[in-house]
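A.B. asks: Sequence:
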Amino acid sequence: MVAEDSRVVAEQLKRCGISMDEPELDALVRGLAASPAGDTAPLPFEGRLDEAARSALAAAVARERERYRDLLRPFDPARLQRLRSELHRQNLDGFVVPRADEHQGEYVPLRAERLAWITGFTGSAGVAVILADKAALFADGRYTLQAGAQVDARLFELHHLVDEPAADWIAANLPPEGRLGYDPWHVPPSQAERLEAAAVKAGGSLVPVSENPIDAVWADQPPPPLAPVVPHSDSYAGRSSAEKRQEVAAALAAERLDAAFVTAPESLAWLFNLRGGDVPFAPLPLGFVLVRGDGTADLFLDPRKMTADARAGLGTGVRVHDPEALEGVLGEIGAAGLRVGVDREGTPQRVVQMLRGAKVAWFADPCALPKARKNAVEQEGIRAAHRRDGAALCRFLAWLDRALAEGSVTESEAAQRLDEIRRQDPAYRGPSFPTIAGAGPNGAIVHYRGSPETDRPLEAGNLFLVDSGGQYPDGTTDITRTVAIGKPSDEMRARFTLVLKGHIALATAQFPKGTSGSQLDSLARRPLWEAGLDYDHGTGHGVGCFLSVHEGPARISKLPNRVALEPGMLLSIEPGYYQTGAYGIRIENLVLVQAAAIPSFLRFETVSLAPIDLRLIEPSLLSSGERTWLDAYHRHVRSTLAPLLAGADLAWLETASRPLDGA
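Position one of the sequence shown corresponds to residue 2 (the working numbering), numbered consecutively onward.
Treat the hints as calculated values from the structure; they're not laboratory data.
Errors might be hidden in some of the hints.
Straight-line distance between alpha carbons at most 25 angstroms, and here's what the computed SDA-like set of lysine to any residue pairs gives [stated by the list, open to error]:
1) K488 x R659
2) K202 x Q354
3) K15 x E52
4) K245 x F364
5) K245 x D323
6) K559 x D141
Let the hints inform the model, and build the full structure from the sequences given.
C.D. replies: Below is the structure:
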């Protein structure tokens with residue numbers, strides 16, 4: 002922060018009874034700027050600042066944030082050479098760079114975007130392995146095309162994360178006696194075991210580093226974020242934090258555990274009814290939790306982030322520590338020989354090392370399942386959020402048809418307009434993920450991320466895929482619609498209809514209790530399979546309630562998953578088809594798992610509300626039952642959203658949701 006900013010802000014804070022020296026103030030401003038929360042987040046000391054102080058601090062944060070605007074792009078190949086020099090200094094022959102931070106979350110703060118910084122790849126899942134003379138990037142099927150477009154193939158080999166795992170490449174390429182480094186804060190025990198086995202197979206060894214070599218050479222790396230932490234009202238959460246902690250304590254007692262270590266920020270937010278803004282697209286505070294068997298808890302979170310209301314809302318039984326105290330507290334746990342549950346898929350390997358002396362038991366995050374089972378209050382909030390979000394999406398789709406009739410629209414213009422419409426809702430807290438707005442061949446990139454270089458106009462004869470969602474205090478949304486621009490081809494209509502048939506098959510399924518998502522996945526794929534087609538991504542993911550848009554532990558996927566679907570779980574159903582270089586198709590709704598009329602059976606309740614483009618449906622490919630579902634869904638959309646729309650938007654809805662026979 003420049004000296005003039007520092008002086009003005011310090012003077013304004015002092016007038017409000019807050020004294021900070023220049024280093025403290027600079028650290029606060031930089032930490033706030035490193036958080037993606039933006040202007041929607043309250044500033045620290047919110048209740049103590051007058052308007053002048055609030056404005057001065059906000060202005061300083063905004064100016065600092067400008068420094069981070071283009072932090073990762075364009076990619077500089079010189080970074081790779083600087084990293085290799087640092088590896089040599091640390092006596093390492095290679096280094097593993099996962100797309101991860103200390104919490105193994107999908108979305109990470111700018112400081113943790115190490116994979117993007119060193120490779121240019123900005124997808125949310127991937128890993129790089131960098132050796133002295135070669136390197137490789139591994140990305141899953143959602144990002145195959147994106148990785149090819151973003152990463153220099155002269156510097157990195159590109160591989161499929163699942164079909165060609167990094168461990169196999171390490172075993173084949175690490176030199177004999179090679180020392181492969183990894184940061185134990187960013188790798189959980191399960192992954193560390195695979196990496197170690199691969200290194201040993203190559204005749205080398207896996208070496209934990211005390212200093213991350215990327216951090217050592219990333220000169221302008223942002224600091225950890227300091228977005229303020231605020232309470233999430235019980236009127237939205239449906240249960241108090243004390244009740245949730247007692248439920249977790251009961252789970253610990255059933256496993257004879259004295260405590261459990263919780264890493265996931267979603268679990269922290271859910272357990273304490275708190276929300277923050279440390280990562281993009283999800284209202285999450287970053288921190289760690291040690292839940293005790295008596296229902297008390299230790300919360301390790303930077304105290305500068307805690308607002309007065311958040312502290313008061315914690316009540317008794319929760320001890321707040323500076324993160325620097327973590328090693329000491331875990332050391333005490335180890336010295337006492339307590340039995341501690343640790344999630345081997347999500348806890349940093351470094352935490353396991355700190356628990357030396359404790360009886361460590363592999364134990365899934367005890368908050369994950371209770372969090373996934375939305376209670377009655379949360380379910381009503383989810384329905385309300387989807388009504389408002391559905392009305393916003395209809396306003397957007399109506400606008401899109403009018404705008405295309407009058408002139409041209411680009412992908413970026415469409416995405417911006419959709420966000421502007423959602424922002425008209427006072428409860429809107431921002432997108433739940435980066436909007437995917439792909440026209441023509443860009444729609445075939447499953448997780449397409451638009452840029453000025455790739456921005457395309459929506460042209461006649463193309464398809465436009467828009468996958469978007471919003472964060473609201475009462476729910477998180479995620480919906481995809483594919484729309485025709487002009488007259489679609491017969492092939493487009495046929496394949497869209499096959500995707501729709503798969504969507505309907507899964508949305509109407511009844512299944513016995515104990516069924517997992519992997520057992521249902523083929524229902525959505527069968528119509529495509531019968532035509533010799535498929536899609537390279539999961540069919541559905543869990544969704545949080547004003548938390549992360551991607552939530553475990555349940556999912557609907559070909560990948561094995563033993564977690565049974567339970568009442569209250571919110572999941573997506575999103576089959577698709579992608580013709581590389583031509584177009585993409587996806588139809589996504591969110592569904593709540595509910596009890597079926599048949600005892601011991603479950604069903605899905607669709608909560609997403611927006612018409613499915615009738616122009617893309619080939620009626621002759623639908624059965625009578627599928628037609629009935631589509632017409633009933635459109636009647637429900639029309640009757641639910643009509644009171645929220647008016648004028649041309651309402652007229653558009655009535656046309657877009659008409660019976661299929663009238664299309």
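A.B. asks: All hints are to be evaluated individually against the structure, with a verdict given for each.
C.D. replies: Consistency of the hints with the structure:
1. K488 x R659: The hint holds at about 19 angstroms.
2. K202 x Q354: holds (24 angstroms)
3. K15 x E52: holds (13 angstroms)
4. K245 x F364: holds (18 angstroms)
5. K245 x D323: Holds, at about 23 angstroms.
6. K559 x D141: holds (14 angstroms)
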